[in-house]
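J.: Assemble the complex: chain Z is given as a structure, and chains B, E, P and H must be docked to it using the hints.
Chains as they are written, first to last, in the numbering used here: chain Z, 1 to 124; chain B, 125 to 288; chain E, 289 to 433; chain P, 434 to 512; chain H, 513 to 603.
Keep in mind that the hints were calculated from the coordinates and are not lab data.
Bear in mind the structure is a predicted one, so any value in this text is a computation, not a measurement.
Hints may contain errors.
[Stated by the list, open to error] Far from chain H, some chain E residues (derived; all Cβ distances over 12 angstroms): (1) 295; (2) 301; (3) 305; (4) 318; (5) 320; (6) 336; (7) 351; (8) 377.
[Stated by the list, open to error] Only pairs whose alpha carbons sit at most 27 angstroms apart, straight line, appear in this in silico DSSO-like list of lysine-lysine: (9) 131/B to 348/E; (10) 131/B to 217/B; (11) 507/P to 37/Z; (12) 348/E to 557/H; (13) 599/H to 37/Z; (14) 281/B to 217/B; (15) 507/P to 385/E; (16) 349/E to 599/H; (17) 507/P to 103/Z; (18) 103/Z to 599/H; (19) 557/H to 385/E; (20) 131/B to 211/B; (21) 349/E to 131/B; (22) 507/P to 599/H; (23) 349/E to 507/P.
Every residue gets a Cβ at the ideal spot worked out from N, C-alpha and C, and that includes glycine.
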Amino acid sequence: MIEVALRLFENKYFLVAMILFIIGFHTLLTHSNLIKKVIGMNIMDTAIFLFFVSIGYVDGAVAPIIEPGVEQAYINPLPTVLILTGIVVAVSVTAFALSLIVKLYESYGTLDAEEIMRIRSNEP
Amino acid sequence: MNGGHFKTYIGSTLALFVFWLLITWTFHYQSVIGGLVVCILVVAFCRDIMIFGEERPRVTLLNFFRLIKYIASLIISMIEANIDVAKIVLSPKMPISPTFIEFKTNLKYDLTKVVFANSITLTPGTLTVELEDDVYLVHGLTRKHAEGVIDWHMALKLMEMEEG
Amino acid sequence: MEDLIVRTISRTLVPFIQVYGLYIILHGHLTPGGSFSGGAVLGSSMILFALSFNLERGAKKLSHDASTVLECGGILIFAMLGFYGILAGTNFLTNLKAGFYPGVPGEFFSAGFIIFITVALAFKVASTVITLFYNLIETEGEAHD
Amino acid sequence: MSIVLDTLLLSFLIVCAVAVARTRDLLSAIIIYAAYSLIMAVIWLQLEAPDIAITEAAIGAGVTTLLLIATISKTRREE
Amino acid sequence: MRLVIILFFLALIGFTLVATVAEMPLYGHPENPTNNEVPERFIEKGTEETGVMNIIGGILVDYRAFDTLGEATVLFVAIAAALSALKAHSH
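Same shape as in the complex, but just chain Z:
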């Protein structure tokens, strides 16, 4: 048990990424407010980004900006590149979701997902 706890503390970045994923997922599932759902989705996004980038980290290494004539270890650049595109895709998804929310508010007058479902079920 103590071994597992020590291992978890050693891998604390991975652990925190998983906890943030669960928190974001919980926000996304249980809150009925649409903007809260979008924020929860963003938290899930950043949790996955954190997981990816911390996989690429190497102890005692520096960022991959080459200095000529200096011998040193560099971190793994591939996760950084993948996440850089991921952040921009995340913000475009957020923008699209927000524009849909604005239109939903215009036609139903509420931000509550369950209320929108109720209004829709009463419609013929």
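T.: Only chains B, E, P and H this time, still in chain Z's reference frame:
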């Protein structure tokens, strides 16, 4: 586009170029050429929002020294006000008496008005809430703080700079 | 928001923010940064300008037509530079082997087409940010009905 | 020293994420989310990824917050 | 009732994820399976093949330029979708 505006454009380009040199920290000829092109493009894009001659004091060497003196005395009064506010906050009775106060200054230009308002905000204990034409609305932590702002010696220094 | 303090401070700051954004873009091959971050900084400077004056003034500064041109032109330049590789007898989007100017690594003008693509993509990202913000905040009742 | 700083930043992250979920006022939730993004930018620097740090500070804390605030200015503030 | 089911499944997912973390390779260890020959090659040959000092910029715009082109397309599609949703007629 008259002569005074042209001087403003040249001065803004120089200020932006000094900023470019500070962040690149190199004198390589390619970087210097690129920086000049970037600064001229930015000034051309922002040409209608520059701070022109009728809104600021004239830029002279004397005013530059006065600005340095102003910043030095601002830092000194910030330290004094910090100690003062720390005493008030740490004392068990908390002798605060929040006060709003309105007053006028004789500052002419927009830029000096804004510099004075920001100096009031930077010193702990007082806070500029609103600046409408000439009238400052200041919130003070105690009555003494709020009344001390009215005849603050910093405004005199700014008026000296305005006269050139 | 018509506040004298906010307006004067943002008039002073916007040129510096734009120079910093262009520095991040143009040094994408030397220092941290690049198209996405620099484009976001440029777009944010325009949003600050529009917020501290008013939206109409900002729309006059960078009109919708201009941002459409930036939007489509950025991605078009990207694809055209890719097709130059095919023209030179190599693959799509080939850099140094297709004959772009290599320069000395570490200098300002180096690394072939990377600097062109970075600038094109950065202006695309900047105009995306500005357009999304404008369309979310614009007042109702003028576009339709 | 680094371990202490890392643990502190990570616990701030979790506290901010929980606070976003618990806050009733949407504007407060958005401001807390901006603080979360800024802490995330510092963590990217700790992980030696300065490119992502700049991008996160500009996009995550700047643009996403602006878009969310623009949305609640068009809709409503209470949950 | 729905809340209980949600919480149960969240606890299940959380337990699985945390158990995965306990079995992951050590954080920051240089011998990890991710640090194989691929990043080594990028770091060794990156400067001479693309002429950049910032390897991340080189990978983003040169080695994986096609990926970045697709990503620019995603931005384009996102803005087109957002505009068409916002400017649509109400009826």
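J.: Please check whether the beta-carbon of residue 336/E is more than 12 angstroms away from every beta-carbon in chain H.
T.: Check passes; 21 angstroms lies beyond 12 angstroms.
J.: Minimum Cβ separation between residue 301/E and chain H greater than 12 angstroms?
T.: Holds: least Cβ distance 27 angstroms, greater than 12 angstroms.
J.: Given the hinted pair residue 131/B and residue 217/B, is their Cα-Cα distance within 27 angstroms?
T.: Violated, at roughly 56 angstroms.
J.: Against the 27 angstroms threshold, does the CA-CA distance of residue 557/H and residue 385/E hold or violate the hint?
T.: holds (15 angstroms)
J.: Hint check: residue 507/P vs residue 37/Z, CA-CA at most 27 angstroms. Holds or violated?
T.: It holds: about 17 angstroms lies between the C-alpha atoms, which stays within 27 angstroms.
J.: Can the restraint linking residue 131/B and residue 348/E be considered satisfied, given a maximum Cα separation of 27 angstroms?
T.: holds (25 angstroms)
J.: So if I understand the rule, the pair passes when the alpha-carbon distance is 27 angstroms or less; does residue 349/E with residue 507/P pass?
T.: Since the Cα atoms of residue 349/E and residue 507/P sit roughly 24 angstroms apart, the hinted pair holds (cutoff 27 angstroms).
J.: Test the statement that residue 320/E is away from the interface with chain H: the closest C-beta pair must be farther apart than 12 angstroms.
T.: violated (6 angstroms)
J.: Holds or violated: residue 349/E and residue 131/B, Cα atoms, limit 27 angstroms.
T.: holds (23 angstroms)
J.: Examine each Cβ of chain H, and state whether all of them lie more than 12 angstroms from the Cβ of residue 295/E.
T.: holds (29 angstroms)
J.: Given the hint that residue 507/P pairs with residue 103/Z, test it: the Cα-Cα distance must not exceed 27 angstroms.
T.: holds (10 angstroms)
J.: Regarding the assertion that residue 305/E does not contact chain H, is the least Cβ-Cβ distance greater than 12 angstroms?
T.: holds (22 angstroms)
Comparing the model with each earlier hint shows violations of hints 4, 5, 10, 12, 14, 15 and 20; every other hint is respected.
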